[in-house]
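Colleague: Letter by letter, the chains look like this.
Protein chains: 2
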Amino acid sequence: MKMKEIQLASRPEGVPSHANFNFIEGDSQAPQEGEVLTKTLYLSVDPYMRGRMRQEKSYAAPYELNETIVGGVVSEVIESNSQKFQKGDIVVGMQKWATYQVAHESQLQKVNPSIAPISTALGILGMTGLTAYFGLLDIGQPQEGETVVVSGAAGAVGMVVGQIAKIKGAKVVGIAGSQEKLDYLLNELHFDAAINYKSEHFATELSNACEDGIDVYFENVGGEVSDEVFKHLNVNARIPVCGAISAYNLQEDIGPRIQTTLIKNRVLMKGFLVSDYIQRAEEGIMQLAQWLTQGRLKYEETIIEGFENTPEAFIGLFKGTNLGKLLVKVAEPSIK
Amino acid sequence: MKMKEIQLASRPEGVPSHANFNFIEGDSQAPQEGEVLTKTLYLSVDPYMRGRMRQEKSYAAPYELNETIVGGVVSEVIESNSQKFQKGDIVVGMQKWATYQVAHESQLQKVNPSIAPISTALGILGMTGLTAYFGLLDIGQPQEGETVVVSGAAGAVGMVVGQIAKIKGAKVVGIAGSQEKLDYLLNELHFDAAINYKSEHFATELSNACEDGIDVYFENVGGEVSDEVFKHLNVNARIPVCGAISAYNLQEDIGPRIQTTLIKNRVLMKGFLVSDYIQRAEEGIMQLAQWLTQGRLKYEETIIEGFENTPEAFIGLFKGTNLGKLLVKVAEPSIK
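So the sequences go chain by chain: W and U. For the first sequence, position 32 matches number 32 in full-length UniProt numbering, and the numbering has no gaps at all. For the second sequence, position 28 matches number 28 in full-length UniProt numbering, and the numbering has no gaps at all.
The following block holds chain W by itself, in its conformation from the complex (with noise of 0.2 Å):
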């Protein structure tokens, strides 16, 4: 079968650019025992990704140079020489930014299409939602009545995160890039404040919306904004460190040093990978999935068409126009 696919073709100085992927083309292989074949329907691009694109070592391996880039992957089984799945089977997991491949069964997990669109395995039922689940709940654990203050909170993560703090009874601050998307959190997501931080103003209106000081403080983007939000700490505050995104492209990320903060109000900080609770993913997932059926958690996905448009989407990521999940669509399933 014709494949294409997707190497990092140099490693990236400061925001990616498409200089540094390539498309090659080939023929995918036929499946072995325990293997299937896939044809890929939709791909994640992901903020954790440009780390894996640095030549040092960060939570996971760095990619290969002229090798293909690997990622979050909903797709659809064409070909099975594996017990676990059939054809026809939608399946998510980690595979190759190509059109088609061969996986073996290990890798995949079974998505069932009767509960939500199937992208969803990407997003508030997949790794996403997975992560501000586990994040805002075992790190942050906000109680009724506290002030939760989430940035990044328009993209995939944070608006699921801001979405369980209110079904936990707490104020919802979000902090986001545009008019577009305070709007979304506030009349969609019912947030009880929304802030942009490109604001000139963003200090006043932070310190205006936390009037009772901020007790979990949901990470995604470190840099100046947080360094704002860390002054508004209240005694006992919680911040899960989800990402940094903010940092993700500098050489060096230079700000005040927290150690002072954290003594001052006794602050717990603690950095997490969604694959810290692996063990714990079906829990989550069920809660999710009964949550989004109840109506309590809504989601929002933004969709690039076409393969050839993945390093295009990837690169949006930094410039923060994605309103969720960002995906890219590269297929239709055969069978809908």
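Do not take every clue at face value.
Identical copies go unnamed one by one, so any copy, or any two together, can satisfy a pair.
As the list claims (entries may be wrong) - Under the rule of at most 20 Å between Cα atoms (straight-line distance), these lysine to aspartate or glutamate pairs were calculated in the DMTMM-like manner:
hint, residue 1, residue 2
1, Lys-231, Asp-253
2, Lys-319, Glu-33
3, Lys-87, Glu-282
4, Lys-264, Glu-56
5, Lys-166, Asp-138
Honestly, the hints are just simulated from the structure, not real lab data.
With chain W's structure known, arrange chain U on it following the hints.
Modeller: Leaving out everything else, chain U in the frame of chain W:
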């Protein structure tokens, strides 16, 4: 009774100086119902007190200008109007920097002079020991075979931290600022390694001493020393943040932001105060006293003689000249 006391005359800018302190003389009051008159024997000078000399609120209220400074004091009851204390009792509590004073019984705890010298009620069997005990064991949770790094290792808290970590079976690396201190840590306290942060080879020496990475970093100093330590954190490392003495005299404390480090290694960082553990103080003191009497814990005191030398002693904290707990001896007990 004629007495002297030390007031905060002005707020320090940068390192405190003698001009920030003012000695005044007066007469002590007579103790009312529930009160005692005490004679100060030992005063504690501690880095956290620098924070209270600032205008802005830290975790404790700022010291007021032209009011007497308050800190840890061991004293002798010389007149009692309380059921709880008798004349001759040795007591400890938060009291004024004064040679004599009246205190309410609720502010004081009795010291048992038969366990250890009474000055230890300000050190290893007091706030200092408890700070090390709870910060290390509750937040740091060192496991057998793990690597524990402690900065300010030859200071009052640091040397208790390192010794408890050894008792728990960890490999202990101390960071301090003079050869005399390193010798003490290695030869007297049997740390596995001791490194001088003033050495031009500090980064290499730290890296060599922590060849298996760092599982627990007990943070006392902040600044560039800690920036270097953070490069060696292992996955799931824990950082009890006790102090950041390098920052206390700065207007701005600028350095690498910590978020990406925390995410990469899923690090937990938590500021704490010993007062967070007040309910468990007895447990801590009993354990520390047991280790002390078993000879498994040692302590060191640097004692400055004379009430009039209290400002000098306090200023000395920021020069890093003290080994172990820094105290001012004000008077001998009446009854030995």
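Colleague: Would you mind marking each hint as holding or not holding in the structure?
Modeller: Hint check:
In this assembly of identical chains, the alpha carbons of Lys-231 and Asp-253 lie at most 20 Å apart whether taken from the same copy (19 Å) or from different copies (14 Å). In the homo-oligomer, the alpha carbons of Lys-319 and Glu-33 never lie at most 20 Å apart, since the shortest distance is 43 Å inside one protomer and 70 Å across protomers. Proximity of Lys-87 and Glu-282 under a CA criterion of 20 Å is satisfied in neither setting, with 24 Å inside one chain copy and 66 Å between copies. Proximity of Lys-264 to Glu-56 under the C-alpha cut-off of 20 Å is restricted to the inter-copy arrangement: shortest distance 11 Å between copies versus 34 Å within a copy.
Taking CA atoms no more than 20 Å apart as the test, Lys-166 paired with Asp-138 passes inside one copy only; the shortest distance there is 16 Å, against 31 Å between copies.
Checked against the numbered hints given earlier, this structure breaks hints 2 and 3; the rest are met.
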